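**Student:** Protein chains in written order, with numbering that gives the first Met the number 0: chain A, 0 to 252; chain B, 0 to 252; chain C, 0 to 252; chain D, 0 to 252; chain E, 0 to 252; chain F, 0 to 252; chain G, 0 to 252; chain H, 0 to 252.
Take these hints with a grain of salt, some might be off.
[Claimed, not checked] Across the chosen pairs, the derived CB separations fall in these ranges: (1) C:ALA20 to F:SER77: 31 to 37 Å; (2) B:ASP117 to C:GLU74: 31 to 37 Å; (3) F:GLY16 to G:VAL119: 43 to 49 Å; (4) D:PRO90 to B:ASP117: 54 to 60 Å; (5) H:GLU56 to E:LEU61: 42 to 48 Å; (6) D:LYS122 to A:VAL119: 14 to 20 Å; (7) F:GLU74 to C:ALA20: 50 to 56 Å; (8) C:ALA20 to B:ASP101: 46 to 52 Å; (9) B:ASP21 to C:HIS171: 27 to 33 Å; (10) A:PRO100 to C:GLU107: 27 to 33 Å.
Treat the hints as calculated values from the structure; they're not laboratory data. Bear in mind the structure is a predicted one, so any value in this text is a computation, not a measurement. The beta carbon of each residue, even a glycine, is placed where N, CA and C say it ideally should be.
Number of protein chains: 8
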Amino acid sequence: MTSNKWLEEFLGQVARGELDADTARERLVETLRDRPFEDLGFARVDHHRSIRQGFPEVILGLGKTPGQIAAIAAEIVSRGSTLLVTRASGPAFDAVRAAVPDAIYHAEAALITFRQNDVVPGKGTIIIASAGTSDQPVAEEAAVTAELMGNTVERIYDVGVAGLHRLLGERHRLAAARVIIVVAGMEGALPSVVAGLVAVPVIAVPTSVGYGASFGGIAALLGMLNSCASGVSVVNIDNGFGAANIASLINHL
Amino acid sequence: MTSNKWLEEFLGQVARGELDADTARERLVETLRDRPFEDLGFARVDHHRSIRQGFPEVILGLGKTPGQIAAIAAEIVSRGSTLLVTRASGPAFDAVRAAVPDAIYHAEAALITFRQNDVVPGKGTIIIASAGTSDQPVAEEAAVTAELMGNTVERIYDVGVAGLHRLLGERHRLAAARVIIVVAGMEGALPSVVAGLVAVPVIAVPTSVGYGASFGGIAALLGMLNSCASGVSVVNIDNGFGAANIASLINHL
Amino acid sequence: MTSNKWLEEFLGQVARGELDADTARERLVETLRDRPFEDLGFARVDHHRSIRQGFPEVILGLGKTPGQIAAIAAEIVSRGSTLLVTRASGPAFDAVRAAVPDAIYHAEAALITFRQNDVVPGKGTIIIASAGTSDQPVAEEAAVTAELMGNTVERIYDVGVAGLHRLLGERHRLAAARVIIVVAGMEGALPSVVAGLVAVPVIAVPTSVGYGASFGGIAALLGMLNSCASGVSVVNIDNGFGAANIASLINHL
Amino acid sequence: MTSNKWLEEFLGQVARGELDADTARERLVETLRDRPFEDLGFARVDHHRSIRQGFPEVILGLGKTPGQIAAIAAEIVSRGSTLLVTRASGPAFDAVRAAVPDAIYHAEAALITFRQNDVVPGKGTIIIASAGTSDQPVAEEAAVTAELMGNTVERIYDVGVAGLHRLLGERHRLAAARVIIVVAGMEGALPSVVAGLVAVPVIAVPTSVGYGASFGGIAALLGMLNSCASGVSVVNIDNGFGAANIASLINHL
Amino acid sequence: MTSNKWLEEFLGQVARGELDADTARERLVETLRDRPFEDLGFARVDHHRSIRQGFPEVILGLGKTPGQIAAIAAEIVSRGSTLLVTRASGPAFDAVRAAVPDAIYHAEAALITFRQNDVVPGKGTIIIASAGTSDQPVAEEAAVTAELMGNTVERIYDVGVAGLHRLLGERHRLAAARVIIVVAGMEGALPSVVAGLVAVPVIAVPTSVGYGASFGGIAALLGMLNSCASGVSVVNIDNGFGAANIASLINHL
Amino acid sequence: MTSNKWLEEFLGQVARGELDADTARERLVETLRDRPFEDLGFARVDHHRSIRQGFPEVILGLGKTPGQIAAIAAEIVSRGSTLLVTRASGPAFDAVRAAVPDAIYHAEAALITFRQNDVVPGKGTIIIASAGTSDQPVAEEAAVTAELMGNTVERIYDVGVAGLHRLLGERHRLAAARVIIVVAGMEGALPSVVAGLVAVPVIAVPTSVGYGASFGGIAALLGMLNSCASGVSVVNIDNGFGAANIASLINHL
Amino acid sequence: MTSNKWLEEFLGQVARGELDADTARERLVETLRDRPFEDLGFARVDHHRSIRQGFPEVILGLGKTPGQIAAIAAEIVSRGSTLLVTRASGPAFDAVRAAVPDAIYHAEAALITFRQNDVVPGKGTIIIASAGTSDQPVAEEAAVTAELMGNTVERIYDVGVAGLHRLLGERHRLAAARVIIVVAGMEGALPSVVAGLVAVPVIAVPTSVGYGASFGGIAALLGMLNSCASGVSVVNIDNGFGAANIASLINHL
Amino acid sequence: MTSNKWLEEFLGQVARGELDADTARERLVETLRDRPFEDLGFARVDHHRSIRQGFPEVILGLGKTPGQIAAIAAEIVSRGSTLLVTRASGPAFDAVRAAVPDAIYHAEAALITFRQNDVVPGKGTIIIASAGTSDQPVAEEAAVTAELMGNTVERIYDVGVAGLHRLLGERHRLAAARVIIVVAGMEGALPSVVAGLVAVPVIAVPTSVGYGASFGGIAALLGMLNSCASGVSVVNIDNGFGAANIASLINHL
């Protein structure tokens, strides 16, 4: 018996006086404590959430087979929702395209997207700044994700701190953003410098770019966590999607 | 308005026909989703839990002032519950004793206890084995905790693997236990050897005993996680209390 | 000369008075100290163990050739024992199947099994809960292992803490288990949440699922070792088999 | 010669025709490249920043003597700016109070504050949630900082994931926040759970609370970086101030 | 409108008296603060730099496609600049050679070079010493780079500390260098020994040569950072190029 | 009943024909498997061991109270055994001296010793070489221990690799040793260099001397484990006693 | 001019009175300081060494091409020396065999050997004990190396601590060895247990066998460094050759 | 017999024809190989070194008693050499002052100095730049050391990357230096930015300033090793002295 069914019957019994007040209260409390929550409409929280965020669901491609990805993708699209698959391989795209012919593959960002009408536009501009050309795949993961989530995105790439004039030349564009995502590998110093130039939240994304003592991004991660500039928070190594998601949350406030 | 009050009124409205079925169901679901759960008796889960486990509540002394500890202790005792404070300093005990005069201080184990009538006896014997004399404080934390939780406890101390005959001499006592807690620092090899001798669950507790490359217990922790013997699970470094708690759970099954 | 043979002769000499008391005692002690233990029936411990546990022997496939695996498997099966090979590749299965035609390959769990009549049923239910779909191979390793060891197993998959209502919806199934295995990668928070909901032992299995600062499962491992909930013990990263083994030990108590 | 003076003279020369176009351009470019930037009004960026953020300057007490702290504090206050000293010891407060008699010491948060009229109010509510009582000092550092920066702050303390009903009971307050700071030590799972319940940015602050394999906060930090919930970004261990600063930036957008 | 153009017009307006002094100064400052710096000739700093160092630009091959590398290479060469590509694969060389037919591939060092007339000769000799034959690729990266930058280079290979007489036999050559690059993996002891023999700067390059507890070069890196000899500074693991660059800077002073 | 007693009775029964062969054998095997081993003279292994090694028992002072140390020390001495307490504090010595008036305190080495007649002289010379003056306490722990164990010891201190001529000046003394202990902190390069000069076993002892990236001896430990010279084995950080023990074992072969 | 030549001429000049005492002494000292040492016969140390050790030279195959290996191998063999190549691949063996037709390839140990008459026999027996079958390649590297160096070797494999009776059954063989090499992965507990049973030096070799928190051998390495048994020294992870070399040094004393 | 004496006699014998050529050569080679090197004037290398570097000897105060330090200091000063004691405590200074009344204590830098006439002036200017006020002790250690070694030193403190205009304002002073020491804690980004602005060698000194994930300077150290700017080499954490020593070597070239 579903919860709705049960509730209907229960309230009927109360309405028909078949249950006295105490028994009714006791039974209700007892039942509620035992039922799976989603049976009680609890799951609508998730629905509300997607309405507010303008973005409902994301498939992490990592560790799923092309077939699994395509099946979930088809279901999402059939509900009228915008599709986003992260860390998607070429074969995954082939499988998805069979089910969602107009899906797009962003090879550098390893994303599959298909936009529908459920996306709420953000308020300001999100800037994606990156230090070196090797950081670009992660930066693109962030940029494409943020755009798909309804945000205006500007890319400022290849402005590493070793050539400061390039960054300083973009100072005014940076200052005009509502939130900035900074993507950097190696020593991960760019977020500190950017945050020192602006007064908006900076989301720092360490990348695994580098060699030797970069330890697959740990050096950049530690650099960003220890930023001497205020306004910098950090996401996991190479997590361009996560940064875009947070930036979009902020840009939709 | 409390939840009980609200429920009473709501059910009254339904009973009086003041709410039609659909409205009633909708309002109920809406309200339930919004109420703090404990208002609905949900918190009784914790009560049930203490009944089943025979042990309700523990105060982690670490990072609390003597005054804070004594206040919580007094409240627990006043409810008729057995008291256990872990990582308790001498001053903490002085403060607790002012509120709970018969509380006992186990200095080596850094525990404060006061037993009441709410403890359910366990079924078999829990053995606490330890490798060296320096591991004894952690072993005692486990032993006193397990006893307080209603278990029969046997201590087999100072049976490190470098003098194997001592351990082998206790082989039959070990085999007769229902669950064994093994406490060891340095290379943490004792749980592997014990688990190879018996067919009961072994809870391994690495200690921070050692120097140099023991890294405050990491060497022992890694040794235990990588045990080549089956039947070994591990708790945090120096966490004698946690091990006793798990062993007691198993011993009350 | 075997030990049995030697003992027989020795006791005969004593019985026939060919050895005086002192000499007999001395020779006996001397000999016992020098003999390999298994000559004295010591090895029966292992036999007893398999009887009690209902499970005798497991082949760790990692680092063994298909031929080696098949040979050991054939020997185990010929003794009438249930077969379990962990971390088994496809080629390993091909080799085993040649020797044990009815062996089964669980590809996702990378296990080879062949059940015989030597398995003792466990008492209650073991629940295997997992956080995400990528944790499923490790969860399946635990589930299939636990089933093979004679336990009733229930799977509750994909109940990660980011969507709490899914987990809460299973609260009552969880509470009815005798022991719970929780499998999670990334931040490894699920065991803490589960242990807060139930009063039975929780065996936590960190998985290597994740990227960047998950460091191949270290983040999840540390999260589980530091669980703020009581009742959680931990096994090695990806060690579904080990967790099942411990859970089965507990479930056979 | 100051830059203003130089510019004045230079433009005078151009106006008086004493410099031909090419020479003028060359000299100007040459000079600009060589001048300290602040001479050119560049430093106004910082001024603009404090106006927008409503908060100009913060003294990190760590590694400064009471005398140094008091001197900087006096200068800030004399400019009419609100004062904030972080990681301030008792002696530091004594020194500051001599210079700024109405300064307030928040002992648990180790902050010294003195509010003036330069603070711009934020838009919504910032919630500070913390897992255990030992996390409270860091939570208070965040809370007092956020309040001083003009934000409405609500504290939801002691809602660790091991007792989920406490957290779920606060679900609706959480959902009403504009940004949430989550402070947790040990396994650091709280941000994941909170972020799964709401659709606003979550700033996670790992604390050094814990022992053994918590490694001074590393376990919590890794847990947060690997959060399976979206919307979580992370600051340095124990960095309550940093989290409040970011939250305030977001709340002032 | 370019900056030059703007400046020209602006100065013309001042010269023609179309702007009064205050307005002129204000507009100039305002504009300068807003312009990308390179528009103002700021980028000439880089030009100056290449003149002084005798080496303008380097392409890090890591993480770039052959096509990208070839395109940048072609542009550099067309400007008359010497070309250096580091971490260059064979396919990258094929692509470069199509654009720069006389480019040379140094396979062991994984470098592509093409020398033009813009290199300034260094003053003394740079010695590249290496510990074992496996360190040679990194040593060659340093050697070829240093030569291309205009330095006289001497190689002293295979002089590990376990066979001290080989190193001591080169003592006088070492003492005659202006700067020494020491390349070593495993325990990384060679820089300490070399620095004890000479009175010139020693640049230490740890290599990832080794196995087990060498941890991909960490052991060597730590050994070099902790050198008991004075005069040793360290670059990243396997960073032969970086060491050569610093050595060349010193040799051109 | 002791084992001896039991054996006596048992053999008497066999001799008197009170037990038939099968029963006797069965009972004997059964009993042996169950008895603590030391009851069967097994513990004599330890006795044999001390005879061979010329050294019976050592008290690790770390983590024991002065009273505990003094009690064990008194018992050892009363048996006629030589006494060695490692990591002994001043108060520990005071307590020991009360029980063993002629005990000696080696303050730098933190050892308490009292020599009796049970020490067997070693065959050759053990050299203790150390890199810097700060390594001397660990070197002395090794030297005093080795001497107490009956070995001829030569100290060659302060021969760090940065001043190679000092070490080379001792080359012939080094070559004449039977086994060499090399004590070094910082980069730990000395064992590699020494092992390259001689053809005898080198026991390397990393010390916690250093700062920064020496990480309390990890740099030296890794350096020694990765030694490019053959003949080097390693003990724990600061473990001068352990090294001396191994060296003495070798020197008594 | 070679050193011999120079010396001859110099001594001739002295003998002929062409150089007065002071000039002669000065020139001699000056020259000696400047000459490569090997010119002065210094390199004979290496020669002496091989005579004493009975083993002259070893080729580390790691990081060398088959061609390089074959060339060095040919040279060693032509000098009449025994050949040992470690970490040798199949192609390396093919190349060596072309030059040294009777060379032998030990595939499991990845060694190439060719014995000549220059090996001095050791005095006692070296035992190689290993914990699991996966440790066998490293154990074989040690065993084959030790045999080639002239030692009598006994293998005791698969005696891990989880099945203690297997090890105890070999107790007397262990006690009869002159030196024991213990090879173990996972928790690396075997050396502690072995060293507790014997009174001879134990060389511990951690292997990279294991998964998850074994971290490629770190767990075993730390376990061995922290051994609670005395007499254990440690070599690098998987360094079977190194252990055999040390054991052989000891066995030739 | 000293070497000089021996040489004299030997050359006399040759001159007098008492030794034939072959015997003379043999005896000479034999003797030279056996003599401690310093007997042959080899130690003069050290003398030469101090002449070239203008700085002879430094006492590392860490781990030495005040008495030891004072004794060595007195000896150095008596030879006419300039004195430098690093990591010197107040009591160490009291002891030194008793022996060297005019010695100076630099409390912030923890240095004791006494200048004599043996210091050779450097050629250019060494700039010491530091990021924050807490980095100042390390910066001062570098600055005072460099001055004592004869160099002109300029300090540019408190120019962290979060407030870029302060650093840019010093751009021309930076560009005029011969070598730059950059001292920074936290994320350690300053050296990258500085090296991007200049064309001289940059010596980076990570400091242990920071908290949480700065791990006592590891974050800064990794940041500097992974610098994306060329021209940066790194010394140990907090090693201001080491950096100054290298900078002085370069400045004396």
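**Student:** Does the hinted range 54 to 60 Å hold for PRO90 (chain D) and ASP117 (chain B) at CB?
**Tutor:** violated (48 Å)
**Student:** So does GLU74 (chain F) sit 50 to 56 Å from ALA20 (chain C), Cβ to Cβ?
**Tutor:** violated (33 Å)
**Student:** May I ask you to test the hint 14 to 20 Å on the CB atoms belonging to LYS122 (chain D) and VAL119 (chain A)?
**Tutor:** holds (19 Å)
**Student:** Is 43 to 49 Å right for how far apart the beta carbons of GLY16 (chain F) and VAL119 (chain G) are?
**Tutor:** Since the Cβ atoms of GLY16 (chain F) and VAL119 (chain G) sit about 60 Å apart, the hinted range of 43 to 49 Å is violated.
**Student:** Please check whether GLU56 (chain H) and LEU61 (chain E) have a Cβ separation lying inside 42 to 48 Å.
**Tutor:** holds (44 Å)
**Student:** Falls inside 27 to 33 Å, the C-beta gap from PRO100 (chain A) to GLU107 (chain C)?
**Tutor:** holds (31 Å)
**Student:** Go ahead and decide if the range 27 to 33 Å is satisfied by the Cβ distance of ASP21 (chain B) to HIS171 (chain C).
**Tutor:** Given about 28 Å between the Cβ atoms, the range holds.
**Student:** Between the beta carbons of ALA20 (chain C) and SER77 (chain F), is the distance compatible with 31 to 37 Å?
**Tutor:** Given about 33 Å between the Cβ atoms, the range holds.
**Student:** I want to verify a distance hint. Is the separation of the beta carbons of ALA20 (chain C) and ASP101 (chain B) within 46 to 52 Å?
**Tutor:** violated (58 Å)
**Student:** Does the hinted range 31 to 37 Å hold for ASP117 (chain B) and GLU74 (chain C) at CB?
**Tutor:** violated (53 Å)
The structure does not agree with the numbered hints 2, 3, 4, 7 and 8 stated previously, though it agrees with the rest.
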